[in-house]
Amino acid sequence: MTAIAPRPSTRTAERLGVLADIAERRRADVAAELADRALADLGRDAALAPAPRDALGPLLRPGLHVIAEVKRRSPSAGALASPETDVVSRARAYVAGGASIVSVLVEPHWFGGTIDDLAAVRAAVTVPVLAKEFVVDRRQLPVLRAAGADLVLLLSALHQTRPLRSLVRAARDLGMEPLVEAHDPRELDRALASDARLIGLNNRDLRTLLVDPDHAVRLRASVPDDRLVVAESGVREVATVAGWRAVGFDAALIGEALMTTGDDPIAIRARTAAFVAAGRPPSAAEDPAAADRTPFVKICGVTDVPGAMAAVRAGADAIGLNFAPATPRVLDERTAATIIAAVRAAASPPPLVVGVVVDRDPDDANALARRLDLDALQLHGSEGPETIRRLERPVWKVLHLPPECADDAVATVAEAAAATVERARSYLAAGAARIMIDTAGGPFPGGTGRRAARQLAAAVAREVPVMLAGGLDPANVAGALVATPALGVDVAGGVERRARDGTIVRDRRDGRPRKDAFKVGLFVKRAKAARLDRPLSDARPTPVHRGLLDVDARGRWGVEGEFGGRYVPETLVGALVALEHAWDGVRDDPRFWAELRQLRTDYVGGPSPLYRADRLAAALERAADRPIGHLRLYLKREDLNHTGAHKITNALGQALLTRRLGKTRVIAETGAGQHGVATATACALLDLPCVVYMGIEDVRRQAPNVLRMHELGAEVREVTSGSATLKDAINEAMRDWVTNVETTHYVLGSAVGPHPYPRMVRDLQRVIGDDAATQLRWVEGRLPDVAVACVGGGSNAIGLLSRFIGEPDVRLIGVEAAGEGVSTGHHAAALAGGSPGVLHGSRSYLLQDRDGQVIEAHSISAGLDYPGIGPQLSALYVAGRLEVLDATDSEAIEALRLVTRTEGIIPALEPSHAVAALGKLVGGLRGHALVPDDAVVLLGLSGRGDKDLGVLEGEG
Amino acid sequence: MSAAAPAPAIASPGSGTSGTAGAARIRATFEAAKSDGRTALIAYIVAGYPDGDTSLAAALAAIDGGADVLELGLPYSDPLADGATLQHASSVALRNGATFERSLDLLARIHRARPTVPLVPMAYVNQAVGRDDPEAALRRLAEAGASGLILADLTIDEGAEIEAAARAADLALVYLVAPTTAPDRRIAIAHRSGGYLYAVSFVGVTGARRSLPPGVGAFLRDVRARSPIPVAAGFGVSRPGHVRQLGRVVDGVIVGSALVDALGDEGDVARMADLVRGLAVAAQRDLTPRLPPEV
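Protein chains in written order, with this note's numbering: chain A, 1 to 956; chain B, 1001 to 1295.
Honestly, the hints are just simulated from the structure, not real lab data. All figures in this text were calculated on a predicted structure; none of them were measured in a lab. Watch out, some of these pointers could steer you wrong.
Partial list, computed: chain A residues near chain B (C-beta under 10 Å) [claimed, not checked]:
1. Leu-210
2. Gly-565
3. Ala-575
4. Ile-855
Even for Gly, the Cβ is constructed at its ideal location relative to N, Cα and C.
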């Protein structure tokens, strides 16, 4: 039986362009070369080839992997290597650089490849090899396998759906993994219908040979997550590969960019290694906050050792073994013991082993857990809270969501959620370690296989810690984790072997379902990557009013929606709406966050360290006449960032956004000069012209920063109106923006201003507290008791505190600048000494007289010398979630000196206010709870004090 | 939590201030100017600039020089929609003791002296909402003789609360429309504005300009076509030529910074009155030479 793809019609040939010529020529080649060879005959040759290498395993590991290609020439680039180039040494250099797969061009006429190249490379390397061939005839497959191919390329453009499917099957029967490539939605539909597990998306249109580097990214959204996806062509820079990883590609096929490196193996290895590094997901040290969002993954209903080992290899955190009689995955104790022994021998630390039981007598369950040494018991029946108290192991309680609420009206969902939350709390109160949410109604209580009611699950997960179960599979798990703040996921049926019609295949010997190792691997990979480059996705319960966490549809914050909004001249509304939409897009764009994180690690020097300041803590304790050595005070060292403060994160984020908005000019305001310097720096880096407005009073106080901005190429415009400080600089920047709104993006430096600014700046700065939470967990194993930050407009404060708003046990403290004292009227304490009104485009607290005239603020610290405060902080204050303290000018100076002398760190005057206030709190403040002796305190050291030395000089 | 673009809201009985007595007085004034063959001339001066007495004299002189409506700027500490001239005037007025109470007093004196001329205070939103009782502030403006109110940083998206207070006080709340306002939104604003619709002639802050920007004609014609109420163009209007040019398209013109410049710190009421008279002559449509259609 020979299966030759039919000769294309003339119309098809026109549509296919160059590709048609190549395919035609290949057909002629096959006819000539394999004329006398039967398929069965060729198959015998293939069977003699070395065993195929596992091609999918390497791609199932976290991150994006490099498929490095050998090709002598291409129709688009011409000759890429000299005829005598050593493909074997090149392939070895690829592997030495970390390539996971080597691709070898086999086509002779356009690409100068040979089957001998393939065989030589296969013999020389240890990784799988992809045969890059134009397969037009099924007989080519065994020939390629005989030469050693582990994977084979199939072009969806060359085949209709059914022939493509049969080629896929034929390749797999030979032991080769087919990579099915598509360039447009129609080709993609065919590729998906072929059941290929490996889908290639080509940026190059093979008909025209033109490359659109974003093409594959756009098409990626149409590929379900249950396939491995490869991006092909169009790589110029390392950053492109990093972006591909972030949007969910598992591999990048890189040819030209490596071929043009030349023949020097060391250079080739280095170039390969750069791409490989770009595909690697950030480590926990590079992105601590991501570790905090990474879900717990449990593979449930494991029925044999290979299934358990698949879970171990995939990096699952737990496996579940079913002991519920009359369910399909129920195990006898001997089989269970074998599985447990294998798992515990294979991994260190091994995944938790959880026993699933249904309404089992507690004594009986305890005996089972003791016999098998189970790490936890999962209760799947109608056990009440009292059962939990009688069990000797940690208990995971499954709550079934009533099916009638699954897709019902909002009111019903809210009611069902409230009822479920109440039940969950009763189990948690009884000592349950975890709550699992599953839909009910299926025939088997051990995992119903029904899709969980996502909306309801999300509502519950916002209130109590839960894991999602039911209806999950590799295709939908990432979406579920982005949509639901669940701590983890549990899967059984979604990763099992299935027949072509979708039914679960039972093993012939014991009648139990079996895990599909590919699905298990992909499920874990997709789950662990779901929130990786989505720093704004919720990953845990936040049981506070939504209005304290985010804006409503009108850009307002607060329980009553009483803060924020958009009070601006009509001219700016269009730009603000456009900005809001752009930001909404960015919030969900992993490429943006991956790029920003890369800048944070490589350029800013983040994540900033968390430093335990024992000598400072002791000094505060001594001054307060309290026992020494109890307080554990951690400084979040944002002062160590490039440019010396937290501001750079926001400036870089908004500068990247400026490019996306298509704006060509940047303006900013600055008080202390930190935001001005940060914006000037970001603009120098991204080559954007930059104008910074600065009050002349601040120009005088912060001369070094003015010089820095000049040297960075920014224009500093002195503002003389009003109090000639930060407030007036914002006014002037707004006027500039009103006038130049069509070309200019205004990089506002604080979490103030019209919507979407307070939210956008918060989104960018919340990395401070998100990172600190994980860093603190590493050293203390828990969250802080108190988080304290200074407050001017509030970008540093909201950045540090956001992570903890939904953590009821963490005290949040904002420290305002009291200037000469709040009672003197010469201060900058907007919350303590102000009232609600509108300043700079949003409704919030501000200093004002009874006519609504804004009163000038007074503070020795230019960064706090602002009469307003961000709307989210106002909302937190009014809701009682934010405690407000203050420190005077002289207290701040004293604190600056204390930190400098005790720790050798010169803090800026701004965070010195926070230190001063903490000192007062440790000593005991009327109206504020005492800090307990052994408290863990997190303090935002938002900037360094070099800029303030001149001011200190004047103070003696 | 994405907020959709502010949806165009066509006026309903519960929104807008077109039904207020203040709006009716303003509309009658525009109609009277129209039947006289004139573009309505709206003069803007700053309350208390350069001092209280002079600003009273300036207001009366502007009215006597031909202004149909008087906008009275209430000086503000942070006038971010204003250019250099009005920022300066605001800060001088505040330094010289301008307060809300004194502005009310000035308003009342102007109203007593020229009761038929609609008075429209112009301020910033915090001058209303930053006070203990915004409703009382609006009521007192109305009692002092105001027919309308303009808040430079209030848009229809945030206006519902102030609109309700304005309706209670029988004041027209005048909204602004800008060249950057999307077409649907222009309609929504026109239907929510009371008395007249304030068309900002260019993208920028207030301030006298030598010439009007290109494209202003097309923008104003578009707004005029969409608005059920009179349209007055402001920002940058300073010369009789501007008034003639704009008068072909809109129902009224607003002159502010140019008058404040003419008045100056020295309070040259006569110089300002001369300018008003010149502008009033230009507002006479019969004398207007025909212009090419694209202005």
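We went through each hint and held it up to the structure:
1. Leu-210: Nearest chain B Cβ about 34 Å off; hint violated.
2. Gly-565: Hint on Gly-565 (chain A): holds, closest Cβ of chain B at ~5 Å, below 10 Å.
3. Ala-575: With Cβ-Cβ at 7 Å, under 10 Å, it holds.
4. Ile-855: 8 Å, holds
The structure shown violates just one earlier hint, number 1.
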